[in-house]
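Undergrad: Each chain is listed here by its residues.
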Amino acid sequence: MGLVARELESRGIPTVSLSALRKPTLLVRPPRALFTRNPNSQIVGAPNDRDAQLTVLRSALRLLAEATEPGMLTDR
Amino acid sequence: MMTAPTQENRAALEAWFRDVRSDLERKDWRAAFGAGYPRLNLEDAPVPWAPASTDLRRARLTLIDSSGLYLPGQQPFDTDALRGDFSWRPIPVNADLAASSLAHEHYDHTAANQDRNSVFPLDRLRELAAAGEIGGLTETHFSFSGYLPDWAEVVDHFAPALAEQVAQQHPDAALLIPV
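Top line first, the protein sequences correspond to chains A and B.
Residues in the first sequence are numbered from 1069 upward in steps of one, following our numbering.
Residues in the second sequence are numbered from 1413 upward in steps of one, following our numbering.
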């Protein structure tokens, strides 16, 4: 997915990526990535936990809006 | 432009596919990926950067995930493809996630089967759009099946072709969710 992020970004489309797996993300370096503490099988949040899912999405959107250079953030 | 992998990188990947072919055919992922899978390393490559608007309330987003989600009438992803299935399914913004299916053998589907939003949060994004927290969503979103060990094919063809489809949606930004 990091390679897709880089391709989109090189075409002028800003991206923000979630990541549950630190090592592969650090190797591919998507332009903006939010590390979540969720397992990748429920990377956005636990099933039917609407509030937790929204919290992760809002954090990712904040990173999208506020980042001024490539980098990663850890959620919470 | 994305930094192209070197010929040495590509040769190492092809050597790995030759070495682990029987492991991949048996779906013995532990044996295959334990045997020195040559990950693409872009740590020293420049990171492409497109500035994003700071006003999310005007931003239209496209969701892209790799959970292997597909809708009734769409073809399931090929989970037997040794190098991965290099296709995607367009997901209309008004899709009923409860009717969707998953084809991806590399993660536990328990959570996603209870609530697709755990991997493909289209309902949540529709709520954020309805509340005015984001400007909106594009007509089409995308899912692919994220087992794609052939990163050379991803770099050369898959990522450019998918990016072209995303670009046709004219999003202000894309939210990418690897599963």
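In case anyone wonders, no lab produced these hints; they're calculated from the structure.
Possibly wrong hints are sitting among the right ones.
[Unchecked claim] Pairwise CB distance ranges (calculated):
{"id": "1", "chain 1": "B", "residue 1": "1419", "chain 2": "A", "residue 2": "1114", "range": "43 to 49 Å"}
{"id": "2", "chain 1": "A", "residue 1": "1090", "chain 2": "B", "residue 2": "1433", "range": "16 to 22 Å"}
{"id": "3", "chain 1": "B", "residue 1": "1579", "chain 2": "A", "residue 2": "1142", "range": "26 to 32 Å"}
{"id": "4", "chain 1": "A", "residue 1": "1118", "chain 2": "B", "residue 2": "1572", "range": "22 to 28 Å"}
{"id": "5", "chain 1": "B", "residue 1": "1522", "chain 2": "A", "residue 2": "1092", "range": "33 to 39 Å"}
{"id": "6", "chain 1": "A", "residue 1": "1105", "chain 2": "B", "residue 2": "1522", "range": "33 to 39 Å"}
{"id": "7", "chain 1": "B", "residue 1": "1441", "chain 2": "A", "residue 2": "1080", "range": "32 to 38 Å"}
{"id": "8", "chain 1": "B", "residue 1": "1508", "chain 2": "A", "residue 2": "1137", "range": "35 to 41 Å"}
{"id": "9", "chain 1": "B", "residue 1": "1451", "chain 2": "A", "residue 2": "1139", "range": "29 to 35 Å"}
{"id": "10", "chain 1": "A", "residue 1": "1090", "chain 2": "B", "residue 2": "1446", "range": "18 to 24 Å"}
{"id": "11", "chain 1": "B", "residue 1": "1443", "chain 2": "A", "residue 2": "1079", "range": "33 to 39 Å"}
{"id": "12", "chain 1": "B", "residue 1": "1437", "chain 2": "A", "residue 2": "1142", "range": "23 to 29 Å"}
{"id": "13", "chain 1": "A", "residue 1": "1118", "chain 2": "B", "residue 2": "1511", "range": "17 to 23 Å"}
{"id": "14", "chain 1": "B", "residue 1": "1538", "chain 2": "A", "residue 2": "1114", "range": "24 to 30 Å"}
Remember, predicted model here, so these are calculated numbers, not experimental data.
Idealized CB from N, CA, C, for every residue including glycine.
Undergrad: Hint by hint, which ones does the structure fall short of?
TA: 2, 4, 5, 6, 9, 12, 14
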